[in-house]
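Trainee: In case you want the letters, here they are:
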Amino acid sequence: MYSKNNSTTSVYLNQLFVWFGLVILSGLSVVLAGLDLGKALPFIVLVIAAVQVYVIARAFMNIRPSDKIAKVFIGISGLILAVSLLLVVA
Amino acid sequence: MDILDKLVLPQSLEHITLLHFLSVVALIVFIPYISMVLGGMIVSLYYKRKGTVKNDAQHTQFAKEVIALVTVNKSAGLALGIVPLVILLISFTQVYHLLNYTPVKFFLLAFVTVGIALILINVYRYSFVFKDILSSVEDTAGDNINGNVAADIRQFSPRISQLNDWTGKWGLGLLCVGTYFFVAGLTHAINAVDGDISKSLLGSLLSITIISRWLYFIAASISLTASVILFYYFYWDGGKKDVPKDYTESLKKQMLWLLFIALLALPFFILVNTVLLPASSLSLFVFAGLFLALLFIFLLYQLIYNMIKENHLKYVHIPFIFLLLAVIALALAEQTAIANTSLKNTLIQADNYNTLNSESTPTK
Numbered sequence: 001m002y003s004k005n006n007s008t009t010s011v012y013l014n015q016l017f018v019w020f021g022l023v024i025l026s027g028l029s030v031v032l033a034g035l036d037l038g039k040a041l042p043f044i045v046l047v048i049a050a051v052q053v054y055v056i057a058r059a060f061m062n063i064r065p066s067d068k069i070a071k072v073f074i075g076i077s078g079l080i081l082a083v084s085l086l087l088v089v090a
Numbered sequence: 001m002d003i004l005d006k007l008v009l010p011q012s013l014e015h016i017t018l019l020h021f022l023s024v025v026a027l028i029v030f031i032p033y034i035s036m037v038l039g040g041m042i043v044s045l046y047y048k049r050k051g052t053v054k055n056d057a058q059h060t061q062f063a064k065e066v067i068a069l070v071t072v073n074k075s076a077g078l079a080l081g082i083v084p085l086v087i088l089l090i091s092f093t094q095v096y097h098l099l100n101y102t103p104v105k106f107f108l109l110a111f112v113t114v115g116i117a118l119i120l121i122n123v124y125r126y127s128f129v130f131k132d133i134l135s136s137v138e139d140t141a142g143d144n145i146n147g148n149v150a151a152d153i154r155q156f157s158p159r160i161s162q163l164n165d166w167t168g169k170w171g172l173g174l175l176c177v178g179t180y181f182f183v184a185g186l187t188h189a190i191n192a193v194d195g196d197i198s199k200s201l202l203g204s205l206l207s208i209t210i211i212s213r214w215l216y217f218i219a220a221s222i223s224l225t226a227s228v229i230l231f232y233y234f235y236w237d238g239g240k241k242d243v244p245k246d247y248t249e250s251l252k253k254q255m256l257w258l259l260f261i262a263l264l265a266l267p268f269f270i271l272v273n274t275v276l277l278p279a280s281s282l283s284l285f286v287f288a289g290l291f292l293a294l295l296f297i298f299l300l301y302q303l304i305y306n307m308i309k310e311n312h313l314k315y316v317h318i319p320f321i322f323l324l325l326a327v328i329a330l331a332l333a334e335q336t337a338i339a340n341t342s343l344k345n346t347l348i349q350a351d352n353y354n355t356l357n358s359e360s361t362p363t364k
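Residue numbers (our numbering), protein chains in the order written: chain A, 1 to 90; chain B, 1 to 364.
Be a bit skeptical, because a hint or two may be false.
Reference listing, derived: stretches of chain A covered by chain B, where coverage requires no fewer than 3 residues with Cβ under 8 Å from a Cβ of chain B [unchecked claim]:
no., stretch
1, 16-22
2, 25-37
Computed list of lysine-lysine pairs in DSSO-like fashion (alpha-carbon distance at most 30 Å, straight line) [as the list claims (entries may be wrong)]:
no., chain 1, residue 1, chain 2, residue 2
3, B, K6, A, K39
4, B, K344, B, K240
5, A, K71, B, K74
6, B, K253, B, K105
7, B, K253, B, K54
8, B, K253, B, K199
9, B, K344, B, K252
10, B, K74, B, K309
11, B, K309, B, K131
12, A, K68, B, K74
13, B, K252, A, K39
14, B, K240, B, K252
No lab work stands behind these hints, which were simulated from the structure alone. Glycine included, C-beta positions come from ideal geometry on N, C-alpha and C.
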């Protein structure tokens with residue numbers, strides 16, 4: 001499987017694709033700003049940002065969700081995200 | 001389309017300019033990726049058929065490797081294939097607000113068909129892997145396999161083969177339809193003001209302008225795929241080592257010729273499509289982008305001809321890089337043409353925004 005090849009060049013290639021993905025997700029957040037989505041807009045934008053954070057943590061920081069410390073931080077950030085969403089809806 | 005129309009907020013000039021920049025980014029990501037997948041599917045299905053007819057496992061292995069190479073992984077399909085189309089859809093909804101919704105309708109159709117096609121292509125890719133695993137287990141373990149497992153293998157092997165055939169054909173068919181809708185969306189966007197293309201679905205299906213642009217897209221897809229295969233098999237990480245030498249030799253010749261023939265068609269299509277561009281879309285930057293793309297293509301003719309004639313691979317990495325640069329130049333030219341076409345509408349929208357803004361700002 002090419003994506004699982006561990007050579008340095010393949011790692012760089014994967015990171016390049018991840019970078020393209022992040023650019024595209026940022027673009028999606030920007031184009032959504034031109035639509036009148038009401039209270040759903042901050043929710044969608046926060047979800048996109050959460051996906052970006054997850055991708056960065058997995059691809060660039062090599063954090064695995066199975067790590068204990070990672071689970072704690074995912075829980076804390078999930079809580080912060082939930083509070084932010086509640087504040088948006090309220 | 002009324003729903004999308006009602007969702008659009010009044011746009012400032014700066015926001016519309018930003019939308020054009022983001023559309024360029026989305027096109028630069030989407031076009032090379034979807035071209036590689038389309039060309040890769042054509043090459044993969046051709047070699048799969050060749051492998052079946054000649055009963056040559058090497059061709060079938062190549063078909064499996066090509067599709068794994070061009071699709072990258074499942075997430076790439078989403079991030080580089082689906083999300084850029086969503087960006088284009090939303091961006092064009094805003095840019096073409098008050099003007100013409102035909103491009104948006106075609107992007108919506110492209111989004112649905114390309115989405116289904118990418119799912120089927122990923123199933124095709126993974127069914128290849130499972131097919132090999134099952135036949136390998138059957139061959140190596142033979143009579144030592146547990147009775148139930150042997151029955152499962154006997155039951156699932158033909159089903160996976162059928163799934164592989166079915167998803168391959170339908171995946172390619174739907175991707176062709178999806179890319180046709182995508183090209184139709186772009187063509188309608190360029191011809192929104194003074195073009196003479198029928199706005200109906202049937203009229204668009206039979207439009208010479210759209211058909212010629214789609215053929216141009218197919219030729220570019222095949223050339224880009226051939227260049228990626230050459231790059232991966234003969235340059236990346238020092239070239240692929242686990243392929244028999246005589247097979248790599250024949251592959252080298254076939255891919256160089258495929259690249260050369262597909263590239264020969266490109267200048268003709270670029271010329272035809274430039275002639276068909278409406279007056280409202282033309283500017284110096286459009287011609288500069290087309291000229292740059294042609295320059296890269298003509299430089300490639302020299303290098304590929306030299307490689308075929310002298311039978312060497314000294315420049316094997318260059319076609320991929322030059323073709324990517326040509327695609328970027330063409331995407332820039334395309335988006336500039338779209339920005340030129342929608343300029344008047346952009347100014348109307350910006351004026352509406354300024355009027356609304358001044359009305360809502362309290363006067364002292």
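Trainee: Against each hint, give a clear statement of whether it holds in the structure.
Mentor: Against the structure, the hints:
no., hint, in the structure
1, 16-22, "holds (count 3)"
2, 25-37, "holds (count 11)"
3, K6(B) with K39(A), "16 Å, holds"
4, K344(B) with K240(B), "53 Å, violated"
5, K71(A) with K74(B), "25 Å, holds"
6, K253(B) with K105(B), "42 Å, violated"
7, K253(B) with K54(B), "19 Å, holds"
8, K253(B) with K199(B), "44 Å, violated"
9, K344(B) with K252(B), "50 Å, violated"
10, K74(B) with K309(B), "39 Å, violated"
11, K309(B) with K131(B), "40 Å, violated"
12, K68(A) with K74(B), "27 Å, holds"
13, K252(B) with K39(A), "56 Å, violated"
14, K240(B) with K252(B), "12 Å, holds"
In this structure, the hints that do not hold are numbers 4, 6, 8, 9, 10, 11, 13, in rising order.
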